[in-house]
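Participant: Sequence:
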Amino acid sequence: MKQRSFAYLERLLRKKTGQAIHDYRMIEEGDRVMVAVSGGKDSLVLVKILSLLRRAAPVEYELMPVYVNSGFDSGFDRVKAWIEDTLGLDVIIHDAYIREILDTVGDPDKSPCALCSRLRRGHLYSLATQMGADSIALGHHLDDIVETFLLRCFYTGQIGAMAPSRVTDDGKNRIIRPLAYCTSELIDAYFSRLEVEPVTVECPARPDGKRMLVRDYIKRLERDIPRVRYSLFAALGNIDARSLCTKGGDPCGS
Numbered sequence: 182m183k184q185r186s187f188a189y190l191e192r193l194l195r196k197k198t199g200q201a202i203h204d205y206r207m208i209e210e211g212d213r214v215m216v217a218v219s220g221g222k223d224s225l226v227l228v229k230i231l232s233l234l235r236r237a238a239p240v241e242y243e244l245m246p247v248y249v250n251s252g253f254d255s256g257f258d259r260v261k262a263w264i265e266d267t268l269g270l271d272v273i274i275h276d277a278y279i280r281e282i283l284d285t286v287g288d289p290d291k292s293p294c295a296l297c298s299r300l301r302r303g304h305l306y307s308l309a310t311q312m313g314a315d316s317i318a319l320g321h322h323l324d325d326i327v328e329t330f331l332l333r334c335f336y337t338g339q340i341g342a343m344a345p346s347r348v349t350d351d352g353k354n355r356i357i358r359p360l361a362y363c364t365s366e367l368i369d370a371y372f373s374r375l376e377v378e379p380v381t382v383e384c385p386a387r388p389d390g391k392r393m394l395v396r397d398y399i400k401r402l403e404r405d406i407p408r409v410r411y412s413l414f415a416a417l418g419n420i421d422a423r424s425l426c427t428k429g430g431d432p433c434g435s
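Remember, the numbering used here sits 181 above the position in the sequence shown when you count from 1.
Simulated from the structure, these hints should not be mistaken for laboratory data. Hints may contain errors.
Taking lysine to aspartate or glutamate and the DMTMM-like style, the derived pairs with C-alpha atoms no more than 20 Å apart in a straight line are [as the list claims (entries may be wrong)]:
1. Lys222 - Asp369
2. Lys197 - Asp324
3. Lys261 - Asp223
4. Lys400 - Asp369
5. Lys197 - Asp369
6. Lys222 - Asp258
7. Lys222 - Asp324
8. Lys222 - Glu366
9. Lys400 - Glu281
10. Lys391 - Asp324
11. Lys261 - Glu383
12. Lys196 - Glu383
13. Lys353 - Glu209
14. Lys222 - Glu191
15. Lys400 - Asp284
16. Lys196 - Asp258
Kindly generate the complete structure, drawing on both the sequences and the hints.
Facilitator: Below is the structure:
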């Protein structure tokens with residue numbers, strides 16, 4: 182992304198985030214929105230933009246930043262201070278002891294990512310219920326959604342991604358992704374202007390080779406199809422079910 186002013190980037194992020202919230206009806210009057218703050222750039226941009234939007238929004242809603250401490254991060258104190266001093270929001274810290282759990286029950290020959298993700302998600306869902314949250318806001322952006330779509334197609338034979346707004350299978354929690362229309366480049370450019378350092382992560386996970394491969398594919402496609410990411414994202418909401426390869430209600434080849 183070419184050099185843009187901070188004000189321009191902020192206006193663009195607010196516009197795209199506000200549009201996603203409107204299109205998917207993510208936030209309603211009186212909602213209590215729990216914002217999952219990992220301490221990384223995506224979640225920090227999310228809480229900042231939601232805070233700015235709240236001041237001008239036509240509806241009243243409450244923001245509740247929550248940090249699930251897995252034991253792998255350091256430096257969250259500076260992130261907490263920035264959120265509280267700059268945005269005027271109280272941060273709730275929940276110690277999840279995930280590192281200790283993985284050390285005890287994790288398989289050293291397997292990636293800990295899946296178990297870690299399930300544990301984090303479980304803590305977030307439980308906290309949301311305890312706090313009476315109407316939704317849980319996550320920092321996933323357009324690139325995350327498109328990459329997940331291709332990963333599922335390539336490696337699992339499924340059509341699916343990360344829905345901008347969805348209710349969990351048990352019907353108890355609503356997940357929203359207000360940055361669904363924002364690219365990683367836009368988020369990175371804006372975050373680089375914020376006066377806050379993300380947490381330092383000491384995660385034992387190996388790099389996600391499959392996701393990196395898909396990310397590289399998309400970059401190569403963009404040389405010939407500059408807006409391919411946007412087309413892929415649009416395709417997820419423009420499905421011609423009648424043309425899909427199905428047989429007796431089951432995917433072909435099953």
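Participant: Identify every previously stated hint that the structure contradicts and give their numbers, smallest first.
Facilitator: 9, 12, 15, 16
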